[in-house]
Amino acid sequence: MRRRERQLGALYALPLSVFLGLTFLAPILLVAGFSMMPEKVFDLAHMPDFSAYRTVLAQGYWKSVAWSLVLAALATLILLAVCWPLAYAMAKVFRRFTLVLTIGVVMTLFVSENIRLFGWVLTLMKGGLIEGYVRHWTGIGFDAPLYNVPVIVFGLVYVYLPFMLFPLAQGISMVPDDARQAAFDLGATRWQILREIELPLAMPGIMVGSLLSFVLAAGAMAESKLLGGRAVITIADEVQTAFTYGQNWPLGSALAMVLIAIIGTLAIWAISKADLDAMMGRKS
Amino acid sequence: MSDASPILRINALTKTFDDFTALHGIDLDVAEGEFLAIVGPSGSGKTTLIRLLVGMDDPTDGAIWLRDQRIDVIPANRRPTCMVFQSLALFPHRTVGQNIEFPLKLRGVAAKARKDRALELLDLLRLPRDYYAKRIQQCSGGEKQRVALARALAFDPEILFFDEPLSALDYRLRKTLEKELKDLHRRTGKTFIYITHSLEEAMVMSDRIAIMRAGRFEQIAPAEEIYARPVSPFVAEFMGEVNFLPLRAGMVAGAALSSAAQAALAGQGGTLVLRPESLRLNPQAADLTLTGTVAAAYLLGSRMQYRIDSPAGELTVEVLREDAVAGGIGAPVTLGCDLAALHLIAEARDAAA
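Residue numbers (full-length UniProt numbering), protein chains in the order written: chain A, 1 to 284; chain B, 1 to 353.
Calculated from the structure, these hints are not laboratory results. Among the hints, a few may not be true.
Claimed, not checked - Below are the EDC-like pairs computed for lysine to aspartate or glutamate, each with C-alpha atoms no more than 20 Å apart in a straight line:
#1 225(A) <-> 143(A)
#2 190(B) <-> 156(B)
#3 105(B) <-> 198(A)
#4 92(A) <-> 120(B)
#5 190(B) <-> 277(B)
Just so we're clear, the structure is a prediction, and the values are computed from it rather than from any experiment.
The task is simple: from the sequences and hints, build the whole structure.
Spelled out as structure tokens, the structure:
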């Protein structure tokens, strides 16, 4: 009976599995294939020569990779710090207000990322919403806080907040109240409870939120282009340039493969290191 | 309770939630090294009381003193007491050893000393030493119970509180752990305050029982005293099956009293409390005698319990199996008891209850 149920389950899952496999794997395989082609070709009917990878290494693209990873790491850390109290309140303190907050945060996703970022440009630009009003009322103007690294990080934090907030709230909700109370009863301070009980038990949520935020932020480019004014060039920006202005699909593919390899390795390493079942005490 | 000054003193402790009063200005003294069980039905205020005692909640009024120190104004994490939770509240992400060492780690005790103490406590709780590295999920219910106790003892509290820690366990394990807890109390000499709704648990383990009802202590005394001399019909019923016989001007309707009983009860009124095992079937001589017929019979292992219809009302009798009634349901019987088995709850108390 159970064997038959398993067979049926596998059968039902087959069409979607094939679809997901094709739509996930096919583009990656295609990009991987192009990355091995000689530069500036537009089909795969050539002998692989890996010249695009040599260009990646020779032309200093590592700086863009490094910027993307540093910006993503910074944004993830800030998101963790910013979202923890809010997620804690959503999971443990707010009651009906959690739903209101959830709807509010989710609604931001209904508007395109680019439009929201343009909104911030209009808000922060010289003569924009903030500087314009301040100058109008006080006569004192100031430079726009745009086109620098901090504002790019701000943009990343703003855009990816939901991807950290909800997994984190889910993780915190899994921390049993009596474990927290028992720790307090045994003499733990608030800080010790956070370190010894809440953070380890909420780790699955922290892991999921951090991975989502980091991976998305590492592949982001709208923030660096719109808010950062290309103060730094991210790797995703380089990929787009190579595919469009550069008309160098193999170089764009090689850069994309480097990004996929780095992020994939980091993600797999993090997941393999973090024994989520053990963290939650589910492993027997 | 000994004459020594109490380790814990509760003065006029009150707790209200909006317009509901959970505790009505209760007082209690607990002696050092005592095992006190606080028993009561659901909603009697025992959980509210223990939450105030351990510092999980603040009283509306009144004070809690631990020796000379007022502790109700101190947060739970700075009180020299700790609690074994109903859920045990073990940390699932930590091993048995790490759970036990937790309070020591918080105090900055060195790793070696922590481990030594954890192993000592494993010995004390009769858990194998190799459990030190075991995951909590690998432990059985009884083992988890012992780990929770070991963790609480590692804290070395002045008073150890228990919030119904055995309630989720099966009957046999509960019976075993009751005795172990009593034994542990004897060996450690600590003051134990144990909240439970199970009278049986309280009677097996405690030196004194405090019976709570609607936010007040109804009676605080050793188990045998509460059982034999309950102060109210509520306490009498709470302590087990009981028969109530109304006493009016020294007379019990439908019962014959010996001259000794008549003299003892002369002119009094209230309710006579009579335990089922104190009634004898067809006695040769008795101070109180009733007649009736067997309405129902129940086998309780080595004992038989009968429901008897009598002129004084429906009565419950419990006898050894060898003293079982011949004739079964409908058989006429005579019931009797000695004067010493009768306990009178006076009219005022009776009315208050």
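We went through each hint and held it up to the structure:
1. 225(A) <-> 143(A): 19 Å, holds
2. 190(B) <-> 156(B): 9 Å, holds
3. 105(B) <-> 198(A): Measuring from Cα to Cα gives roughly 17 Å; hence the hint holds.
4. 92(A) <-> 120(B): Violated, at roughly 37 Å.
5. 190(B) <-> 277(B): 35 Å, violated
The structure shown violates the earlier hints numbered 4 and 5.
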